[in-house]
Every structure is written in C-alpha cells, then in structure tokens.
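Sequences and hints are given; from them, build the entire structure.
So the protein lines, in turn, are chains A and B.
The numbers in my numbering rise by one with no breaks, and the one at position 79 of the first sequence is 79.
The numbers in my numbering rise by one with no breaks, and the one at position 74 of the second sequence is 536.
Just so you know, the hints here were simulated from the structure itself, not pulled from any lab data.
Among the hints, a few may not be true.
Unchecked claim - Once the Cα atoms are required to be at most 16 Å apart in a straight line, the calculated EDC-like pairs of lysine to aspartate or glutamate come out as:
hint: 1; chain 1: A; residue 1: K351; chain 2: B; residue 2: D810
hint: 2; chain 1: A; residue 1: K298; chain 2: A; residue 2: E269
hint: 3; chain 1: B; residue 1: K832; chain 2: B; residue 2: D782
hint: 4; chain 1: A; residue 1: K48; chain 2: B; residue 2: D779
hint: 5; chain 1: A; residue 1: K51; chain 2: A; residue 2: D74
hint: 6; chain 1: B; residue 1: K880; chain 2: B; residue 2: D849
hint: 7; chain 1: B; residue 1: K746; chain 2: B; residue 2: D779
hint: 8; chain 1: B; residue 1: K827; chain 2: A; residue 2: E54
hint: 9; chain 1: A; residue 1: K401; chain 2: A; residue 2: D387
hint: 10; chain 1: B; residue 1: K514; chain 2: A; residue 2: D320
hint: 11; chain 1: A; residue 1: K366; chain 2: A; residue 2: D285
hint: 12; chain 1: B; residue 1: K514; chain 2: A; residue 2: D245
hint: 13; chain 1: B; residue 1: K513; chain 2: A; residue 2: E269
hint: 14; chain 1: A; residue 1: K281; chain 2: A; residue 2: E457
hint: 15; chain 1: B; residue 1: K827; chain 2: B; residue 2: D707
hint: 16; chain 1: A; residue 1: K351; chain 2: B; residue 2: E815
hint: 17; chain 1: B; residue 1: K510; chain 2: A; residue 2: D317
hint: 18; chain 1: B; residue 1: K813; chain 2: A; residue 2: D86
hint: 19; chain 1: A; residue 1: K365; chain 2: A; residue 2: D245
hint: 20; chain 1: A; residue 1: K52; chain 2: B; residue 2: D782
hint: 21; chain 1: B; residue 1: K813; chain 2: A; residue 2: E269
hint: 22; chain 1: A; residue 1: K51; chain 2: B; residue 2: E516
hint: 23; chain 1: A; residue 1: K365; chain 2: B; residue 2: E516
hint: 24; chain 1: A; residue 1: K52; chain 2: B; residue 2: E815
All values reported here derive from a predicted model rather than from experimental measurement.
Protein chains: 2
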Amino acid sequence: MYFMEVTMREASPISDNKKMVVYKRRQISKEINIGIIGFGTIGSAVVKAIKKNESIFRKRTGWHINLVAVCDKDPKVFRNSKLSRDIIKRKANDVINDPQVDIVIELIGGIHPAKEIIKGALANKKYVITANKALLADHKSELFKVAKDNNVGLYYEASVMAGVPLIKVLREGLIANRIKSMWGIINGTSNYILSNMYNKGASFKDSLKEAKNKGFAERNYSLDIEGIDSAHKLAVISSLAFGQDIRLEDISIEGIMSISSADIMYAKELGYNIKLLAIAKNLKDSIEVRVHPTLLPKSHILSNVDGVYNAIYIQSDLADDLFLYGQGAGGEPTSSGIISDIANIISDMQKTEDKGSDILINSLKKKRIKGLDEIESCFYIRFMAIDNPGVLAKISGILGKYKISIASVVQKAKSMQKAVPIIMLIHKTKEYSLKKALSEIDKLSVIKARSVAIKIEQEKEL
Amino acid sequence: MYFMEVTMREASPISDNKKMVVYKRRQISKEINIGIIGFGTIGSAVVKAIKKNESIFRKRTGWHINLVAVCDKDPKVFRNSKLSRDIIKRKANDVINDPQVDIVIELIGGIHPAKEIIKGALANKKYVITANKALLADHKSELFKVAKDNNVGLYYEASVMAGVPLIKVLREGLIANRIKSMWGIINGTSNYILSNMYNKGASFKDSLKEAKNKGFAERNYSLDIEGIDSAHKLAVISSLAFGQDIRLEDISIEGIMSISSADIMYAKELGYNIKLLAIAKNLKDSIEVRVHPTLLPKSHILSNVDGVYNAIYIQSDLADDLFLYGQGAGGEPTSSGIISDIANIISDMQKTEDKGSDILINSLKKKRIKGLDEIESCFYIRFMAIDNPGVLAKISGILGKYKISIASVVQKAKSMQKAVPIIMLIHKTKEYSLKKALSEIDKLSVIKARSVAIKIEQEKEL
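Structure below.
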C-alpha cells in the first residue's frame, strides 16, 4: 500500500515489508491498491461502485481504494470502460506479480485457473478477495492454508447472498454462539422459477424461460436448477458456521427440475409453498447438510421470500432466531460485499497478529456427516393411479410394510378412464425406506407414472 | 490484558503499556480481562454466556475472557451467583480504576451515573461496552470524543436489536453503501401489544397486562409504549447510518397508547396491520426521523413480524434491500451482542491505528432535520359522527379547505341514535394541515369524539 501524493509533514516506517508513511493533513488519506482479475458483470460493477462511493468509503475508513491493475481474457471488455491503458494487463500473472498490488480480487469463477491464480497471489503475500463459491466449496481448506502460511487472508463475503453480509454475521456477529441450524434460500434463479410457478401457476419450462428472458438465469443455469450452486454456497457457510471442512460430496442434493406446477398447486391447497432450501444442522454427534425442494408452511417467513431474493434463517444458542433477507446476486449487491471485504482487509492488515480470517477457525471437534439414509423427514407424495377401489389399500399396504405412516390422503379428481393424482402426507420416515417403498409401489399395474416425493419441513422444526 | 498461566516458552514485549507475552504451546491462549458494572438480568446472563461458550470463543479468537471485577449497587444480587468473593467490588469506581481491567461493560442503564462511569473508564484507557441506548441517544458525541481522545473505543452492538448484529451490519457490512432509509420494529414490548391486539382483537389495556404477565413489559414500560425506547434506538442507528449526531429531540415521537382495538380491526379489514415503526430517511438535503404507529399493507414483510420480535428493513444504494429479523431483548440475545463487542475490541486493540469505532465516522455533510410540519404522509382517519346525511359533506368540506384529498371512505355502522365510526384514507398531506383540519372538524356538533389519525406507509415507498 502507498499513500496519496499529498504534502508530507511526518514520516515513520511502521510495517516491515511495505513502505508506510503517515501524513498529517486536514484529511489523512491512505491508499490501498487493488488488482481485479475478470472484468465481466461483477468486475466492472465493482469498479463503478468504488468510484461512486469513493468519498463515503474514505470518510469511513480513512483509506482510498486505488485500482492499479485489471485483466480479462477477453480484451474487448475494456473497450467502453474508460480505464487507463496503463492498468489493463494482459495476463492474470501480471496482476498477481505486480508489486504495487495489495489486494487481488478474483472474479473469473470456476475451478481452474482461478485456484492457481488465488494460490499464486497468496504466495506473493497479497490479500485475496473472491466471490467464487464453486472453488471455495471443495478447495477452501487448501486455499486457507496457503493464506495462513503467507500471513495474509482470503475473503469471500460476496460468495454467498451478495448484498447480505451473511459471512460477517456468521464469523463476527454470532461469534459468541454455537450455530445450531440454518435454512436458506440461497439461489435466486431457482427461487424465481418456483415463485413464478407458485404465484402464476406457470410450468417449470415457462418459468425457466421467463427467468432467462429477464436475465435472472445465466447461460449455465443447470448449476442453479440442479441445486449445485446452492450446495456450493451451503458448503461455504456450513464450514464457517460449524468449523469443519464440508465439501460438495458431503451434501445431499436434489434440484427443482422435477417439480411440476401440479405439485405446487396441490401443496398450495394444503397450506404449503415449495422452496429450494439449503439446510445445515449441527447435531450432537453429526452434521446434516442437504439441498432439496421442500414443502414449507405458507405462514413460515421463508415461504414469503419471493422472486430472485435470497434469505436465510439461522438458529443459534444465544442469539436464538435470526433471519436475513436481501439481494443474492447482481453487480451492485455483489460489489457491496466485495468492498466490505476490502475494508476488512484494511483493518486486518494493521493488526499485529491474527491476520486474515480462516473459514475453519470455529472447529471444536470434527463431526461425522450424516448420510442421506439416516435423515428422517416428513414427505409429500403424489401417486398417479387408476381410480379403483382397491388402489389405496395396495399403496398403504406397501407403505405399512416399510413402517411408513400416513398422515393424510387426498384424491384430487375422479376418472374411470385415466390415472388421477393421489396426494399423501407422510409422517417422519427415513428417505431410504421411502425410496424402497415407492419403487415397489411404482411397479403396481394401477400406478401409471413415477411417484413424486418432496420433503416437508414443519414450522415447529424451523 | 494478561496471558493465562501456561508454560512459557517464548516471551517478547509487544505493546507499550501492557505486559504482553507470547506463549507457544499446543493451544496459544491469551486473556482479556473484563469488569462488569450492573449484575441484573443482562449482567448475570453475560457471565453465564461467557462461561457456556468459553471453548468456542477461544477457538475462534484465540482469546479467553476473564471476569476480574463486577459490581452492583444491590449486594444481594450476588447471593446465588457462585462468583468468587475477590472479584465482587463495592463500587463502580473499584471496577473502572482496577488496573487489571481491559474492558468495562456498563449494564446499569439510565443517564447518571452511567455517563460518569463510562467517561471515567474511557479516561482510564479502558475499552467500554454498553447496551445503554438512552445514554447514547443524547450523549454519544461527547462519549465518543472521550474515547477518541484516549485512543480507546466505545462499543454498543447490544443497544439495538440485542441478538441481531445490526450495528455491525450498518458499520461494516454496508460500509460501501450510502444508506437511504430504514424502517424498524425495534421495541418488542409495543410489538407484542400490537400483535396481540391484531391477532386476538384484544384491547390495548388487556394486551399490556398480558405483556406484563409474560415478562415482556418491564416495570417502567412507559418508555416502550410511548415510543421513547424506539426513538433512543433510532437515534443510535440513524446517527451511525447517516454520520450525524441525531438526538431524541430531533425525532418526532408518537406512542401506541391511543391505538384502539377498533382501529386495528378497521385497518385489518382494509388490508393493513398497525405497527410501531421507527423510520429514518436520508434525503437529498435533509434527514427525516420519526417513531409512530403506522398502517402497513399486510403483505409487507414488516407486517408479519409478530410478538416480541424485532426487525428492520434497510435500503442502501448498492446492497439494495436488506431485512434483518430476530430477538430484540433478553439475557442471551443481549449477551450475544456484548460478547461480539468483546471480540471486536480484541481485534481493534491489536491495530496500529484507527482503534475504536466512532459512531459518527460516516459523516459527509451535516443535514437539516426535517420538521414534523414538512413531512407528508397518507393517513387513516376515524371520525365518530352522528349518522346524518349532511355529515360527510361537512367533513369533506373542511378537508377540502385544507387541500386534503380523500382516497376512500367507509362508514362502519348505521345508527340514528349514537355516533358511528367513519373511516377515511387520505392521500399524501402535510401533518400540520391535517391537524388543523381535524381540530376544526372535531368542533362540529355532529362529531362526538376526538378524531383519530394514523400514518400509512405504502408498499411502494418501502
């Protein structure tokens, strides 16, 4: 870091490896030099946001953010950027090796070469900011080790829930708490689709199309609708909350592709909404982490999170219930998170010890990840069956064999010719048993389509 | 601060005025020494919480919190506390003058002697934590000056919304943002009363009684129902958000005492809930700060905040919408906030500069506080009038004279004998004009009770 060219009154060396000078003037202003790798939607938004709120950031921190290097694999992105030619670099290495750069902001996404870039920057003793949840999900413990070995930090506020300072809340706001559980709507695209289906009765296909048209679904939307993006983010926040390296492979994941508008309507009639939830529970001897579509009572606060908004419900032992809601994506909200990381770094780099912020610092003891087979849930089930007096007896007979107990049954229509939907709500059961029962039921001649099973979370558990 | 008595392997002096030693052992653990003044509900809960989650705090911060001094004006409170006799002091001065104490936690509330205690502690170069919003509301700029002059800090996370880390979110999470507006339900007692009236149709009196019976209303509940407590908190958070010393006298305050169950029911029929909102708006040339009962559309997220819960809706320029919800009071949630302040202090005291966290650090330019006369609102009005063909003409004639335009009128009953309620929704108007019109209307012989006017916030404005 270097200071602005203002009249020097007093100078004294403070840091060991950096030229640090203290200026006394009306406004003492210091500069932190950043380099940005990746100048897409987010990268350009960060530059704009820094410029827009420069005066307020300087007033609050005493520091000025100075963009000294930026690169993108596509040189065309800089055409209308008004950035000075001097700071546009050809390669990521030009940024991470630039001795001027204090902070490297990685915004290219994906695993490679993002991982090598971040490791290289950390090895060069640069602080690093990333919004790359896919990379963090599986490589965080390796990356944080490199950061620690080099006495710098890796910051990731914008990797989950963009404009909502969830990472800061978990790491610092709830620092006194044992975090017991979290239920989050942390993927805007899938929430937009499900909200559209719920509010307008639209099909999954049409809702996905609308999300694409409105720019809410990215080119590679499969990560969103398959629940992978939510799982990446859940890996990040559950690792931070529970202090243990939770990776993608640890998380049971179900997407929303098989949710039909019919199921949403039946759920609605029963008093439920369907949401893609990321759930993490810190149990006595184990940890439960899963992403799946979930029936939630309409009255639950998460049921009312509409459109592209993100939200999370956190239960901890002292603060008790905490609910956060806001913008989960977009250039400006993501910039808000990234710039708050810059402020954190400015603060941390002044410290004499405990620099950086290890994601796994909370670990007490490593717990076993609970297998999907052990997890018990209530279920919504839809059978498509011939409307025939013996059909319910056959279905409930098989369920009974697997010790699955029925809470309620509704038959949605009457028809002698074609299959009609039979909706069942099932008491708590192991998913493993249910799957076996359903595969047996689906072989019955009266069953005309594959049965649908969706987990239910009851208000009292939340 | 002193270190725990563990085997010393390596020692080196770091700080100027404190004995600081670095131990290398399996678990490097340092001690921060706290002194607590006031051992009531909160004070004892803090001690319990520190003990309960000692291991997790140490793991996360590397520090152990050591209670070295505590006092209360009532010695009986220590009877069942199991605290060591050595640390129980007779007077606050014994705590703030104790050279062992690094952090003083003020939990006695009120203005005097809390103010003198905090100033004394700061002058002794102790870091101070307080949950005292009444004191901060009017004396914060003086107190933060003393902190700054002594190169220490004053921390107040638990002063607003207890278990919700709102102060951290405003100060650090949204550090890149211009905060535009906030709408908060920040007093649990009044929200409990209004929720009870809304959900059960109960009277104000019965609801207050129930709040008292359940321990939600303190002995001195007048601060809660008169809106003063909300205003104290609004003074704290609007000063932090807007960077300007906003005091109680700047805030227009209306309590909930005059809200009748009838008005709640009429509002409900019209699609609204009534909530006591604390509202702060950062306008172009002025700041608007007010606390009053408000009609909110039922669909608004704040309408669904029930019982003693607190919540706040924040709009800022980058992060956009942000909503926080959680426990606004109680021993454990308040402890969560206080212990997070301890962690903040541990971090800040290691810094080479910018120690402490000034509440007014965000100031750009001082803005004028908007007078109540200038504020425009939509209104719900209830007249109690004789059911007589000419009455509406008379009322609307007077409203028209003051250029007040009626959005809709509903007469709630028919009776030739006694007065019936007439409900009007009024388009945006200045409160000043409305008050003049109402005082003129109330003089009409057909009007049989004082007219009621409650502000409305429309969804689109939120």
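Task: Hint numbers contradicted by this structure - done: Of the numbered hints, 3, 5, 9, 12, 13, 18, 21, 22, 24 do not hold.
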